[in-house]
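2 protein chains.
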Amino acid sequence: MKYFEDFAVGETAVLGSRTVSEEEILAFAGKYDPQPFHTDPEAAKASIFGGLIASGWHTCAIMMRLSVDAMERAMEAGVGSPGVDSCRWLRPVRPGDTLTLKREVTEAWPSRTKPIGFVRSHMEMRNQRGEVVLDLVAIGMFRRREGAA
Amino acid sequence: MKYFEDFAVGETAVLGSRTVSEEEILAFAGKYDPQPFHTDPEAAKASIFGGLIASGWHTCAIMMRLSVDAMERAMEAGVGSPGVDSCRWLRPVRPGDTLTLKREVTEAWPSRTKPIGFVRSHMEMRNQRGEVVLDLVAIGMFRRREGAA
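Chain order of the listed sequences is A and B.
What the first sequence shows, in our numbering, is residues 2 to 150, in sequence order.
What the second sequence shows, in our numbering, is residues 2 to 150, in sequence order.
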């Protein structure tokens with residue numbers, strides 16, 4: 002297992018990639034973000050985005066899935082998250098885009114009251130042209146090694 | 002239509018409510034956040050959460066759906082968002098919880114280059130016991146009245 006103590010400030014990793022389909026964009030937006038530029042390819046053409054784009058929350062959800070899959074591969078002892086410090090949707094995500102997620106650990110501190118620690122990470126997701134589509138600062142909670150506290 | 006110019010700093014509104022089912026929690030998490038405390042009711046009992054909880058990103062997606070539905074009712078001229086300034090998942094969301102979303106406009110400023118304006122809002126989502134489960138500061142973009150620029 003990778004515990005809180007095993008995270009080093011400055012460590013970076015490419016967590017994975019995923020291609021986003023139009024079908025998936027429409028399905029997510031239909032449930033959670035039914036604005037025409039997310040749900041209607043024709044209406045989206047007339048919008049300021051010039052075509053269908055993924056909901057920003059869908060982009061975040063994809064980021065999360067890539068993170069969780071990577072967490073499982075690395076056997077990280079994750080126990081949730083208190084939140085996100087900032088999130089910027091810098092460029093639209095369009096059908097067929099392939100997104101690649103990179104994480105850099107920027108801070109780590111132990112809880113004063115629980116056998117866990119907090120890890121702050123800078124997450125950057127780029128499309129197939131190397132353009133950053135999502136820039137996010139997230140906090141994760143991880144179990145400590147037994148007896149570490 | 003409610004344009005950028007029609008938002009007033011300090012205005013508050015209750016945007017809507019929604020009850021979250023276990024089925025929906027499992028479906029979202031299975032796709033986007035497959036950590037055991039989001040996907041497996043039995044495993045979740047043994048977690049620090051003591052039972053199944055919704056993915057934080059699912060909570061954000063529900064917040065977005067309530068916002069979009071309210072935006073449509075109020076005919077707000079929304080054209081997307083550059084991002085979120087902060088997001089805190091303050092309490093777990095559990096199956097059967099009924100969430101109610103409140104928005105307060107905290108800042109509004111016009112774009113210098115485009116016929117839109119930015120509106121910063123403090124979003125607060127509470128459960129049926131009045132406990133805040135999500136506290137979020139979001140930025141929305143809205144069209145300006147024609148000729149306003």
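Do not rely on the hints blindly, as some may be mistaken.
Intra- or inter-copy, both count: the list cannot distinguish identical chains.
Below are the BS3-like pairs computed for lysine-lysine, each with C-alpha atoms no more than 30 angstroms apart in a straight line [said to hold, decoys possible]:
| no. | residue 1 | residue 2 |
| --- | --- | --- |
| 1 | 103 | 3 |
| 2 | 46 | 3 |
| 3 | 115 | 46 |
| 4 | 32 | 3 |
In short, the hints are calculated from the structure, not lab data.
These figures come from a predicted structure and were not determined experimentally.
Hints versus structure:
Proximity of residue 103 to residue 3 under the C-alpha cut-off of 30 angstroms is restricted to the intra-copy arrangement: shortest distance 18 angstroms within a copy versus 39 angstroms between copies. In the homo-oligomer, the alpha carbons of residue 46 and residue 3 lie at most 30 angstroms apart only across protomers (22 angstroms), although the nearest pairing inside one protomer, at 46 angstroms, exceeds that limit. Taking the shortest alpha-carbon separations for residue 115 and residue 46, only the inter-copy value of 18 angstroms comes in at or below 30 angstroms, while the best intra-copy value is 51 angstroms. With identical chains, the CA atoms of residue 32 and residue 3 are at most 30 angstroms apart between copies only, with a shortest distance of 24 angstroms across copies and 35 angstroms within one.
The structure fails none of the hints (numbered hints given earlier).
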